[in-house]
Amino acid sequence: MADITCPVCGEINSADQEFCQYCQSRLQPLTGPLKGADAPITPGQFPTKKVTADLEPILPQWLRDARDKARKNAEEQAEQESKPEPETGASAPDLLAGLQSQKAEDEEETPDWLANITGSKSKSKKTETGSTEVHWVELGKPNEFMQEGEEPSISATQEPTESAGEESLPPWLAGTEPAEGGADELTAWLREAESPRAEPPAQEPSPRTESDSGSSDAFPRSSEELPDWLKNLQEEKPVSSEVPQMESPLPEEKSDSDWLKEIQNQQAESGLESAEKEEPFSTELPAWLKDQAAPSDSSLGGVPDWLQAPSSPAFISEEPEQKAEQENIPDWLKAAAPESSVFSEEPAAPIPSETPDWLASLQKDAEAQAFEPEKPEEGEPPPAFVEDALSDLNAEALFTEMPDWLSNAGTAEPPSTPSGVPSSPPAPSSEALTPGELPSWVQAMRPIETSQAEAPLSTSGDQTLETRGPLAGLQGVLPAIPGIGPSSKPKAYSIKLQATEEQQAHSALLEQVLAAETAPEPITSFSPLATQRGLRWLLAFLLLVIVSGVLFLRTHVFSLPVGETDEIRNARLITENIPQNTPVLVVVDYEPALTGEMEAIAAPLLDHLIILRHPVLVFISTSPTGGLLAERLLSGPLQDRGYQRGTQYLNLGFLPGGLTGVRSFAQDPVAAAPLNIDRAPAWIGTPLESLTSFSQFSAMIMITDNAESARTWIEQTNSSRGAMPVLVASSAQAAPMIEPYYNSGQVSGVVSGLYGGAIFEQNNSGRPGFARTYWDTFSLGMILAIVLIIAG
Amino acid sequence: MVISPDLITGVLSFIITIMILSYLIGDNPIFRIAIYLFIGVSAGYIAAVAWWQVLWPKLVIPLRSGNTVDRSLAIIPLLGAILILMKVLPRLSKIGSPAMAYLAGVGAAVAIGGGLTGTLYPQMAATINAFDLNRVSTGNVLGFMGLIRDGGVILVGVISSLAYFHFGARTRPDGSVRRFGFIEILAWIGQIFIGITLGVIFAGVYSAALTMFIERISSLLRFIGLS
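Going line by line, the protein sequences match chains L and Y. Following this note's numbering, the numbering of the first sequence begins with 1 at its first residue and continues without gaps. Following this note's numbering, the numbering of the second sequence begins with 1 at its first residue and continues without gaps.
Only chain L is shown next, with the shape it has when bound in the complex (with noise of 0.2 Å):
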């Protein structure tokens, strides 16, 4: 045997394994093999002949219920009429009466009308309370229900046509004697319905012997079987409107013939609308309705013309005329077709006295199919399902379409379908379908692949053949709402944000405040300029005025200092230590400005040196200008002295080199400093013309501004200057940081300030006299400060 490939993991199993022995999925479905059908359904395979009765089992309760309760009212309805019907002419018996029979659960037994159709006995079906599977109803073609060896004679594809004048019913519809005898309902009125409209619709209709009943022919044979109801249908009769209810599910206590009147007058009330109109889920009558006052139109033999409705669509919105006949229906044929538009609960249109909505409806539906069941086409693979019937069954949607067996009943042109959907014959009624094989209806109403070639539609005008999706090949499935259309592709939206303007207006704004919270916000700060200028001037104003009063006055009130600091004593005892003629370097480094100090801190030290020692003195500086300030305090403060270049004194300039050369004269002051200020050879012929060592001079004294050159000299000559005393003549803005080098003993005495030069003057008998004429403005100007400091 072949292998089996489980259709879950794909691996090969044997044919006799009934799981898949890797994922214990099931290969073998549920339910027997079926006559002409062993394995499921694929795409492209060709529906297999189904008995309709076998179906019985999987329908689902609530429309067993529905049938039984019908039943029920049918019998009630029965024994309380007894108007007659003249529009049908006989009593139409209720189609679906053989559901109310089957109300419990457990009374699943074919009806006898499906047993009359298939055929085949009305047996009891196994009770299916419970039963969580979806029972497929069989609403098949007529072929379906034939019996074995009849020939149908009316194709799935074929539209039902209207022959005229051909009283004999259809095959499908011959084969609707009951098996066992009981006279199946829906033959009986089937039978009726054919037989002219003269008979009196007073058939009452048995619905729970002859629906239990299964037959291949659920169709009557002669006009004198049609229950009363479908033959009052044939009557256009005014029906009363009234919107029927297909909610409930139960049928309405009510005859066949009742129902059927009461549509008949619904349809009445609310008048005739069009009835030229066929479009689909018009509100005007149903063809088949139609057809029952004008039997001749019907193109098969023996079909009514209720039968042979035109192509309308299932989905009708109703007419005033047709709501009496909705009213008739009894509710449980209302909830065996609950998307039927006979059951909708909109007005209904005007009947004509033949079949109802839900029946045209269906009727349309099946002209709309495109499939035949049976007959494939060449070339054309027939359509099927894609996914698996039996998982993917919704029994409502089974009542959305006409049966193939009411649908095909008069019609001579079996509808075509637009792909090559083989018609279904009737099923054979030897046995019952398990659940979950669909019948052979149901596997016609496969839709059609979409890659498949897809034959010429056939609908009616109004109905839509799907051309593709999983609903390809059906009709009138989606409800009619006008301008819906095959579903578009989806739109392509651009990832891009889209933003309108204003969005991006706002979100600008966002940004800038945000970027306004983290901008750093300026300091406001006040001006100031004025506050300070107005000090500036008050101050400069105070000292101007205090400085040049003072100066000019000439006052004398402040003494100049007595207090002789230690420093300032060892710089004059030193001074008057120096041996007489001999060598003393004068380091002039301080700058133009502070001429006026420094002047008069030197002057007096160097005053008091000359007068005593007469000494040779010896200026170099390392600033360019410091020869300058040496000429300016010789011939300025101690022009007095006089005191000869070349002779008294040597002027030896601007030292280049900063450390470096304060580092090499302290090493060789002859070949560091050769020439003095004039460019000529500074110790030939000279006094110190046998100075070979810097440790040859007697003393060093700095006239500094600066605490960094006095440090530069004394760091550089240290170990060149032997014994050789350091005398400083600081600013006072660089005692501070001269006073160290005092307390080391690198510098000898220090004399800083205006203070030390006045100290000096007093030991030098006044003179120059700098300090006293500065020393009563300077006394001012301090006590101004100190009072200016405690001011705030």
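Everything labelled a hint here was simulated from the structure, so no lab data went into it. Here a beta-carbon is modelled for each residue, glycine too, at the ideal position from N, C-alpha and C. Honestly, I wouldn't trust all of these hints.
Computed footprint of chain Y on chain L; a stretch qualifies when at least three of its residues, placed anywhere within it, have a C-beta under 8 Å from a C-beta of chain Y [said to hold, decoys possible]:
1. 557–570
2. 735–747
3. 777–786
Chain L stretches covered by chain Y per the calculated footprint, using a threshold of three residues with CB under 8 Å from any CB of chain Y [stated by the list, open to error]:
4. 577–591
5. 646–660
6. 671–678
Got chain L; can you put chain Y on it based on the hints?
Positioned in the frame of chain L, the structure of chain Y alone reads:
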């Protein structure tokens, strides 16, 4: 009329002094002219001094009229000067790097050596010698106490001033960065000594500036004849 140089000098000094003192009313063109004059004159004089007192006698004359030894010795500074001048051109600046490196190295060596021998060691010795008991005669308790006091003040001042410039700190658990507690105390004391030092320096600067101001006003009055 013979205008003496002193008159010209006096007039110019008077005018420039007024121009400098015009800064009291704010920055003005007169003040800037005086400043520009000062800068210009200073730069010119410095350039003249550098040429006449350095380059000419020590570089040009040896190369022109010096002997072989003098010339050979003069070539080295000449070459160094040329290499340093290459620093002006960005493309050739790398050529003057060796000369600059030599100058930097020699200057650093001289500065470090002088700083160590001329400042650091003597200052350390002076700090230690502040507690030299030999400076106090035996039996002089006041002297001894004074010595200890003076030495202690100096020592505390030195240590606390040095601790003030210690910036090593650790992150505390609360996230703050602070120095060690003992260092913080010493730094606070050092702040006092440093503050006193800066105050003294400020007083000296003011004193010097006042003296200079007095000298200038006196010069003006003398020129005018009022003093």
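Failing hints, ascending? Numbers 1 and 4 - these are the hints that the structure violates, sorted from lowest upward.
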